[in-house]
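Asker: Each chain, letter by letter, is given below.
2 protein chains.
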Amino acid sequence: MNRRQASKQETRQLILAAARLLFAQKGMEECTIRDIAKAAGVSPASVVVHFKSKTALLEEALNRDLENALTAFIASMPEDQGLLERLLHLATDFFRLYDQNRDLYRALIRHTIFEPEGETPHMTSLSERYIRFLAGLIESEQNRGRIKPEVDPMMAAAACFSLYLGALIMLFRQAEMSVEAVAEVLAAMTGQYLDGLTERIKP
Amino acid sequence: MNRRQASKQETRQLILAAARLLFAQKGMEECTIRDIAKAAGVSPASVVVHFKSKTALLEEALNRDLENALTAFIASMPEDQGLLERLLHLATDFFRLYDQNRDLYRALIRHTIFEPEGETPHMTSLSERYIRFLAGLIESEQNRGRIKPEVDPMMAAAACFSLYLGALIMLFRQAEMSVEAVAEVLAAMTGQYLDGLTERIKP
DNA sequence: TAATTAAGATAAACATGTTTAATAAATAAA
DNA sequence: TTTATTTATTAAACATGTTTATCTTAATTA
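For the record, the sequence lines run as chains A and Z.
Just so you know, the first sequence maps onto residues 352 to 554 in my numbering.
Just so you know, the second sequence maps onto residues 352 to 554 in my numbering.
If you're looking for bench data, these hints aren't it; they were derived computationally from the structure.
Any given hint could turn out to be false.
[To be verified] Here are some of the chain Z residues that sit facing chain A, going by a computed Cβ distance under 10 Å: (1) 458; (2) 460; (3) 468; (4) 472; (5) 496; (6) 514; (7) 519; (8) 524.
[What the hints assert, rightly or not] SDA-like mimics (lysine to any residue), calculated; alpha carbons at most 20 Å apart, straight line: (9) Z/405 with A/381; (10) Z/499 with A/432; (11) A/499 with Z/539.
[Stated by the list, open to error] Quick look at which bits of chain Z chain A covers, simulated, 3 or more residues with Cβ under 8 Å: (12) 436-444; (13) 497-510.
Positions of the beta carbon are idealized from the N, C-alpha and C atoms, including for glycine.
Please work from the sequences and hints to get the whole structure.
Answerer: Following this line, the structure appears as structure tokens:
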């Protein structure tokens with residue numbers, strides 16, 4: 352790596368570190384690019400040169416933690432529980448994470464979820480990873496004969512993810528709603544959905 | 352009504368009319384408050400005095416059409432079809448509407464769906480109306496014994512709405528995705544979900 | 001009717017994300 | 001080594017949503 356490339360990476364990291372700190376402290380709206388630039392010791396223009404936009408910087412700043420969180424959540428998945436319990440386990444882990452800083456994560460999701468996929472590469476890849484993992488859970492249940500063979504695991508995972516998003520919207524829209532309450536709603540909805548996938552034993 | 356109140360309403364309507372026109376023509380981002388103010392023949396400050404923010408103005412500007420659309424979609428609902436077909440009918444109607452101006456409706460939904468309920472009164476009431484209608488459909492199926500009696504219609508409607516939102520996200524995120532393709536995915540997901548609600552005839 | 005108050009409208013200012021044009025320094029070319 | 005070129009950085013400008021202080025005029029009151 353060049354001397355130039357190296358120093359470029361260094362300022363990039365300075366900006367990222369400052370952004371992580373300030374975004375977490377003050378939230379997305381209350382934290383300006385000028386604030387971050389000042390904390391990083393660079394010019395505001397540099398922030399935009401290194402990261403295309405404030406939204407892109409937010410996505411980049413939170414991505415590492417989110418990827419690590421997903422990895423940790425997957426690793427801590429209890430092996431001995433049923434499919435519904437495991438789906439809820441994962442969802443609830445994320446609810447709890449988002450609950451620690453609702454405004455910040457609301458901003459992140461709000462700014463990324465409806466945008467064209469290419470514009471939000473990290474969130475796109477994170478949700479794809481999430482959905483693929485769900486599909487894996489579903490497929491392994493299917494292999495054990497507990498789910499109808501004609502069910503497409505990716506499609507079913509996408510449906511579970513949609514239900515999860517619906518619950519997430521509740522969490523963000525209703526400040527007084529607790530993680531537990533949202534998880535309960537999601538449990539009911541997902542339970543009903545899985546019931547539709549379930550192979551029925553002929554009585 | 353006062354002369355003062357009357358003229359206030361008049362400028363409000365001027366702004367709304369200009370906003371409807373310009374938002375539809377240029378989209379949310381490409382259309383500035385100054386543009387709208389100029390077209391309405393008022394000052395930019397007036398726009399903000401009458402509508403709390405640009406987002407609130409967008410919500411207000413599109414609300415009438417959306418409420419009317421929902422009314423029309425409900426009215427045109429075929430009576431002779433099954434629950435799944437009817438759910439899809441309604442969803443597809445909205446997909447087609449949004450497809451006419453994806454950027455504009457993406458902006459609307461993006462700016463409202465994750466915000467606290469009180470901040471987006473129109474979108475809140477629109478989606479509540481949507482969900483209540485779905486719940487009505489589900490309840491009437493339940494009354495005919497086609498859906499398990501223990502299912503809560505509102506909860507099931509919320510689940511269907513979540514699936515609808517998941518499909519909507521696909522539509523907005525993937526520019527090349529057609530309304531038909533999205534409707535097909537939603538059909539599969541909703542079909543599986545309804546299967547879980549269905550009362551099974553003991554063979 | 002005259003004086004006072006309240007309210008609607010706005011010009012000007014402000015805050016902040018983003019762009020542009022200029023600078024300086026490192027790399028490549030001669 | 002000297003020159004030319006590319007590039008990271010930035011200061012200044014710009015665009016635009018929003019706020020503030022001012023002005024005008026309608027409503028109210030004396």
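Asker: Under a C-beta cut-off of less than 8 Å, do 3 or more residues of the region 436-444 of chain Z approach chain A closely enough to confirm the stated coverage?
Answerer: Violated - the region 436-444 of chain Z has 0 residues with a Cβ nearer than 8 Å to chain A, which falls short of three.
Asker: Given residue 519 of chain Z was flagged as interface, is its beta-carbon under 10 Å from a beta-carbon of chain A?
Answerer: OK, holds: residue 519 of chain Z within 10 Å of chain A, min 8 Å.
Asker: Would the hint on residue 496 of chain Z be counted as holding, given a Cβ-Cβ threshold of 10 Å to chain A?
Answerer: 17 Å, violated
Asker: Would the hint on residue 460 of chain Z be counted as holding, given a Cβ-Cβ threshold of 10 Å to chain A?
Answerer: Nearest chain A Cβ about 6 Å off; hint holds.
Asker: Please work out if residue 499 of chain A and residue 539 of chain Z have their alpha carbons no farther apart than 20 Å.
Answerer: 14 Å, holds
Asker: Holds or violated: the region 497-510 of chain Z covered by chain A, criterion of 3 or more residues with Cβ-Cβ distance under 8 Å?
Answerer: Since three or more residues must qualify, the claim that chain A covers the region 497-510 of chain Z holds, with 6 doing so at under 8 Å.
Asker: How about residue 472 of chain Z: closest beta carbon in chain A under 10 Å, or not?
Answerer: Check failed: Cβ of residue 472 of chain Z comes no nearer than 12 Å to chain A, outside 10 Å.
Asker: Answer holds if the nearest beta-carbon of chain A is closer than 10 Å to that of residue 524 of chain Z; otherwise answer violated.
Answerer: 5 Å, holds
Asker: With a cut-off of 10 Å, does the beta carbon of residue 458 of chain Z approach a beta carbon of chain A closely enough for the hint to hold?
Answerer: Residue 458 of chain Z check passes; min Cβ-Cβ to chain A is 9 Å, inside 10 Å.
Asker: Is the shortest C-beta separation between residue 514 of chain Z and chain A less than 10 Å?
Answerer: Given a least distance of 5 Å, the restraint on residue 514 of chain Z holds.
Asker: Next pair to validate is residue 499 of chain Z with residue 432 of chain A; report whether the Cα-Cα distance is within 20 Å.
Answerer: Distance of about 26 Å is beyond 20 Å: violated.
Asker: With a cut-off of 10 Å on the beta carbons, see whether residue 468 of chain Z makes it to chain A.
Answerer: Holds: closest Cβ of chain A sits about 5 Å from residue 468 of chain Z, inside 10 Å.
This entry does not satisfy hints 4, 5, 10 and 12, going by the numbered hints stated previously.
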